[in-house]
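K.L.:
Top line first, the protein sequences correspond to chains A and B. Residues in the first sequence are numbered consecutively from 1, following my numbering. Residues in the second sequence are numbered consecutively from 1, following my numbering.
Derived from the structure by calculation, the hints contain no laboratory data. From the three backbone atoms N, C-alpha and C, an ideal C-beta is built for every residue, glycine too. One or more hints might be untrue.
Said to hold, decoys possible - Pairs of lysine-lysine residues, derived as BS3-like cross-links and limited to a Cα-Cα distance of at most 25 Å, are as follows: (1) B:Lys22 - A:Lys132; (2) B:Lys367 - A:Lys197; (3) B:Lys145 - A:Lys132; (4) B:Lys22 - B:Lys223.
To be verified - Label pairs and their computed distance ranges (CB to CB): (5) B:Ala364 - A:Val133: 29 to 37 Å; (6) A:Thr44 - B:Thr399: 38 to 46 Å; (7) B:Arg325 - A:Val133: 21 to 29 Å; (8) B:Gly272 - A:Gln212: 39 to 47 Å; (9) A:Val133 - B:Gln314: 29 to 37 Å; (10) B:Met235 - A:Gln212: 34 to 42 Å; (11) A:Thr223 - B:Glu490: 43 to 51 Å; (12) A:Gln212 - B:Ala183: 30 to 38 Å; (13) B:Arg108 - A:Ala190: 54 to 62 Å; (14) B:Gly13 - A:Leu221: 23 to 31 Å; (15) B:Glu320 - A:Leu221: 43 to 51 Å; (16) A:Gly312 - B:Thr399: 25 to 33 Å; (17) B:Gly430 - A:Thr44: 39 to 47 Å.
Claimed, not checked - Reference excerpt, derived from the structure (chain B facing chain A, CB under 7 Å, subset only): (18) Phe345; (19) Gly346; (20) Arg350; (21) Leu359; (22) Pro363; (23) Ala364; (24) Val491.
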Amino acid sequence: MENNLNSYFDKDSGSYKLLVRLQEVRKYGLLIAFVAVCLALSLTTPRFLTIQNLMIIVTQVSINALLAFGVTFVIITGGIDLSIGSMVAVTGVVAATFAHPDEYPVIVPVAVGLLAGLLFGAFNGFVVTRSKVPPFIVTLGTMTIGRGLALILSKGRPVSNLSDSFNFIGGGKILGIPTLIITLIVTFIACTVVLRKTVLGRYMYAVGGNEQAARASGIELSTVKMIVYTLCGGLAALAGILLTSRITTGQPNAGAGFELDAIAAAIIGGTSTSGGTGTMTGTLLGALLIGVISNGLDLLNVTSYYQQVVMGIIIIGAVVLDSVNQIKN
Amino acid sequence: MNSNSDYILQVSGLTKTFSGVKALDQVQLAVRKGEVHALMGENGAGKSTLMKILIGLLPADSGEIIFEGAELTAAHVRDVMKKGISMIHQEMLVVPELTVAQNIFLGRETKGKLFSWLDDRTLTKQAAMLLREMDIQIDPSIKMKYLSVAQMQMVEIAKAISNNAKVIIMDEPTSALSEKEVATLFRLIKDLTSKGVAIIYISHKMEEITALADTITVLRDGKYIGTRPASELDMDTLITMMVGRKIESLFPESTTQRGNEILSVKQLTRHGQFTNINFAVHEGEVLGIGGLMGAGRTEVARTIFGLDQPDSGQMYIRGEQADIRSPQDAIRRGIGYVSEDRKGFGFIPRLSVRENITLASLPAHAKGGLVRAASESAVANRMMADLRIKAASPEQFVTFLSGGNQQKVVIGKVLLSSPSIIILDEPTRGIDIGAKAEIYKLIHQLKEAGKAVILISSELPELLGLSDRIVVMAKGKQTAELSAQEASQEVVMHYAMQV
Numbered sequence: 001m002e003n004n005l006n007s008y009f010d011k012d013s014g015s016y017k018l019l020v021r022l023q024e025v026r027k028y029g030l031l032i033a034f035v036a037v038c039l040a041l042s043l044t045t046p047r048f049l050t051i052q053n054l055m056i057i058v059t060q061v062s063i064n065a066l067l068a069f070g071v072t073f074v075i076i077t078g079g080i081d082l083s084i085g086s087m088v089a090v091t092g093v094v095a096a097t098f099a100h101p102d103e104y105p106v107i108v109p110v111a112v113g114l115l116a117g118l119l120f121g122a123f124n125g126f127v128v129t130r131s132k133v134p135p136f137i138v139t140l141g142t143m144t145i146g147r148g149l150a151l152i153l154s155k156g157r158p159v160s161n162l163s164d165s166f167n168f169i170g171g172g173k174i175l176g177i178p179t180l181i182i183t184l185i186v187t188f189i190a191c192t193v194v195l196r197k198t199v200l201g202r203y204m205y206a207v208g209g210n211e212q213a214a215r216a217s218g219i220e221l222s223t224v225k226m227i228v229y230t231l232c233g234g235l236a237a238l239a240g241i242l243l244t245s246r247i248t249t250g251q252p253n254a255g256a257g258f259e260l261d262a263i264a265a266a267i268i269g270g271t272s273t274s275g276g277t278g279t280m281t282g283t284l285l286g287a288l289l290i291g292v293i294s295n296g297l298d299l300l301n302v303t304s305y306y307q308q309v310v311m312g313i314i315i316i317g318a319v320v321l322d323s324v325n326q327i328k329n
Numbered sequence: 001m002n003s004n005s006d007y008i009l010q011v012s013g014l015t016k017t018f019s020g021v022k023a024l025d026q027v028q029l030a031v032r033k034g035e036v037h038a039l040m041g042e043n044g045a046g047k048s049t050l051m052k053i054l055i056g057l058l059p060a061d062s063g064e065i066i067f068e069g070a071e072l073t074a075a076h077v078r079d080v081m082k083k084g085i086s087m088i089h090q091e092m093l094v095v096p097e098l099t100v101a102q103n104i105f106l107g108r109e110t111k112g113k114l115f116s117w118l119d120d121r122t123l124t125k126q127a128a129m130l131l132r133e134m135d136i137q138i139d140p141s142i143k144m145k146y147l148s149v150a151q152m153q154m155v156e157i158a159k160a161i162s163n164n165a166k167v168i169i170m171d172e173p174t175s176a177l178s179e180k181e182v183a184t185l186f187r188l189i190k191d192l193t194s195k196g197v198a199i200i201y202i203s204h205k206m207e208e209i210t211a212l213a214d215t216i217t218v219l220r221d222g223k224y225i226g227t228r229p230a231s232e233l234d235m236d237t238l239i240t241m242m243v244g245r246k247i248e249s250l251f252p253e254s255t256t257q258r259g260n261e262i263l264s265v266k267q268l269t270r271h272g273q274f275t276n277i278n279f280a281v282h283e284g285e286v287l288g289i290g291g292l293m294g295a296g297r298t299e300v301a302r303t304i305f306g307l308d309q310p311d312s313g314q315m316y317i318r319g320e321q322a323d324i325r326s327p328q329d330a331i332r333r334g335i336g337y338v339s340e341d342r343k344g345f346g347f348i349p350r351l352s353v354r355e356n357i358t359l360a361s362l363p364a365h366a367k368g369g370l371v372r373a374a375s376e377s378a379v380a381n382r383m384m385a386d387l388r389i390k391a392a393s394p395e396q397f398v399t400f401l402s403g404g405n406q407q408k409v410v411i412g413k414v415l416l417s418s419p420s421i422i423i424l425d426e427p428t429r430g431i432d433i434g435a436k437a438e439i440y441k442l443i444h445q446l447k448e449a450g451k452a453v454i455l456i457s458s459e460l461p462e463l464l465g466l467s468d469r470i471v472v473m474a475k476g477k478q479t480a481e482l483s484a485q486e487a488s489q490e491v492v493m494h495y496a497m498q499v
């Protein structure tokens, strides 16, 4: 039936316009939910809608959002990356090792950390494209490898005593705006441009939407996947460096479980785990929604045990809503 | 409508509306006991909606269904099946990991008691008996996944029979069958009708309708157009009824002279698929490749396009040996390929018409990796107009288009990569006659424009009507190369069956 729907529709008919409007509503469903939650919270607790609190939320959200952007690229191509949490630890430890005061200029730890993340991501991409092992398994493996590497490199101890200039990267403010928020905005714009405006972005959707058709259109599948996993590694490194700088320590145990929050943000944001759909705006909103809800529950003195239950329900609810919408379509 | 007891199924005044649009408008259908009743119409005519209502998948808004003299009000699929209406779906709805017997009796193993003992041995015995009665040679104890599509279909029919079906609906049942399997299916259908079972037969293939149907009902745009005895209906009238306008000539006359040789293959071999294939195509020429399903035609096309690698043999493009290792290589050398598997290899369902059309030529509309939106939109719009792609807008997802329009999107994509050699593999499979005529016209235009076209088709009238020369394949071997004058349905079939 759905294949033929189009032939019944006259472009100017009322029912067609209604259908288009319904699709629009669906597109903005997450935004509406987000605004509704914010509204509800600002009515129930006076502390929610203050500049200070909003700054706190965005700061807390930014690390997760950066990871979520990376994993959104991967999920759109039909893959998954479970190793991003471990990459946060590895890259954080690596950067911290080069960030002691009076050793190297601040660019060195940043560059080395980023390089470590890109290499780690490229390794994921290499194994995924060269073997027939599903990305879930590959990155489950590298997740453990990464955690082990972080412990080896740090000898199991936190790497502290970092230079002030390094600690400014994730903990400072420029013109009163936390650097984390600035990084988040810049990265969001860059990722959106890559996804929506570049040939590479189009190819990501194509590979995830129908791999065989993409191949028959002359798209080199392994190149696209390689780039996507590498990009995800790079963004995880960015998150790892910012986190290390913010807590002024390279923690080998940092980032445990971050991959799940990031994947949750992407999925709440409408990225389909079967690949081929998803937007950066959706992922950003997903991450913000998670942040706002946990902040709100904090303000309302709900214990963190309940918060986890609530978050789980939201994840499932978002996907159920999306699948109901898809069936209607 | 008279309530003649000859009729086992009478539908009248059936109406169904989807969000304000009438998918069925006062449709009627009267099926006699023991007849093959063909239901015809273009895609979107309402055939599948009608069938879904009949088997209880969709409720009707209004109208009446009389089955065996009583009004059919059961709204549930299982009730309708019990009463004696079964449908053989185009995409086989079988459980691959269960055995044939388990599939036949699925849902009826223990008369509804969920926790009673499963007696597989009795089931297998009963299934064996059933299959023997139908003269079908399938072992009921093997897993479904080891069967061919044709065998699965047989099992589905056996399941319908075991449900005591009096009306069996078949939706495009031959779309994945070889000639021989089609013959077996037809024999089975004749056998069923002689026992009084009525068959509602949905198909786009005219030759099947002529061979099988006793009565033909035509729908168009959700409306009932008419019912006629098949013997009184000639092809032209039928097409006019379906399309609502006269299609003058499906196959345009050509005056083009063929030009230089563009592509040739020599001794092309891929083990287990095809051996020693030799042919050449020229500018302004349509080379047909005929043969039965499984003859290796698609495999040859895939190899030329670089999706698979040959084991031996050479390809020459404009006289130069070409080593094509990937689709990228092929596209760069001016080869375009429209796969026979539209859903699998053709389009990306959740990308828009525009994004699909430009997918193979996107770098041409990009600067420094950034897509130039205006330039991209312009070519997409032009291609949509050229190919008369019917979509709500260029931004509509391709998954929501009709089969014919999806096919045009895929062809548009291939044309935009500006190929000089275009391989069309079953380009009109499963699409309606109106869209078919347009694709025929397009092939003609490509030829007039000096392109070389390789046309793979299982539909003989199409193959004969469009091709300047025809290569015939059988079981991976090239059995003939025929000129348009030499080729006829009989001759092509003769070589296609040759071992």
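K.L.:
Does each hint hold? Answer for all of them.
P.N.:
The hints, checked one at a time:
1. B:Lys22 - A:Lys132: 48 Å, violated
2. B:Lys367 - A:Lys197: Cα-Cα ~11 Å, so holds.
3. B:Lys145 - A:Lys132: 23 Å, holds
4. B:Lys22 - B:Lys223: Since the Cα atoms of B:Lys22 and B:Lys223 sit roughly 9 Å apart, the hinted pair holds (cutoff 25 Å).
5. B:Ala364 - A:Val133: 29 to 37 Å: 35 Å, holds
6. A:Thr44 - B:Thr399: 38 to 46 Å: 42 Å, holds
7. B:Arg325 - A:Val133: 21 to 29 Å: 24 Å, holds
8. B:Gly272 - A:Gln212: 39 to 47 Å: About 21 Å separates the Cβ atoms of B:Gly272 and A:Gln212, which means 39 to 47 Å is violated.
9. A:Val133 - B:Gln314: 29 to 37 Å: Roughly 36 Å apart at Cβ, these two residues keep to the hinted range, so it holds.
10. B:Met235 - A:Gln212: 34 to 42 Å: For A:Gln212 against B:Met235, whose Cβ atoms are near 36 Å apart, the range 34 to 42 Å holds.
11. A:Thr223 - B:Glu490: 43 to 51 Å: 50 Å, holds
12. A:Gln212 - B:Ala183: 30 to 38 Å: Cβ of A:Gln212 to Cβ of B:Ala183: about 32 Å, so the range 30 to 38 Å holds.
13. B:Arg108 - A:Ala190: 54 to 62 Å: 59 Å, holds
14. B:Gly13 - A:Leu221: 23 to 31 Å: 53 Å, violated
15. B:Glu320 - A:Leu221: 43 to 51 Å: At 28 Å between Cβs, range violated.
16. A:Gly312 - B:Thr399: 25 to 33 Å: 31 Å, holds
17. B:Gly430 - A:Thr44: 39 to 47 Å: 57 Å, violated
18. Phe345: Because about 5 Å separates B:Phe345 from the closest Cβ in chain A, which is inside the 7 Å limit, the hint holds.
19. Gly346: It holds, given that the least Cβ distance between B:Gly346 and chain A is near 6 Å, below 7 Å.
20. Arg350: Holds. Min distance 5 Å.
21. Leu359: It holds, given that the least Cβ distance between B:Leu359 and chain A is near 5 Å, below 7 Å.
22. Pro363: 6 Å, holds
23. Ala364: 10 Å, violated
24. Val491: 33 Å, violated
Of the numbered hints listed earlier, those contradicted by the structure are 1, 8, 14, 15, 17, 23 and 24.
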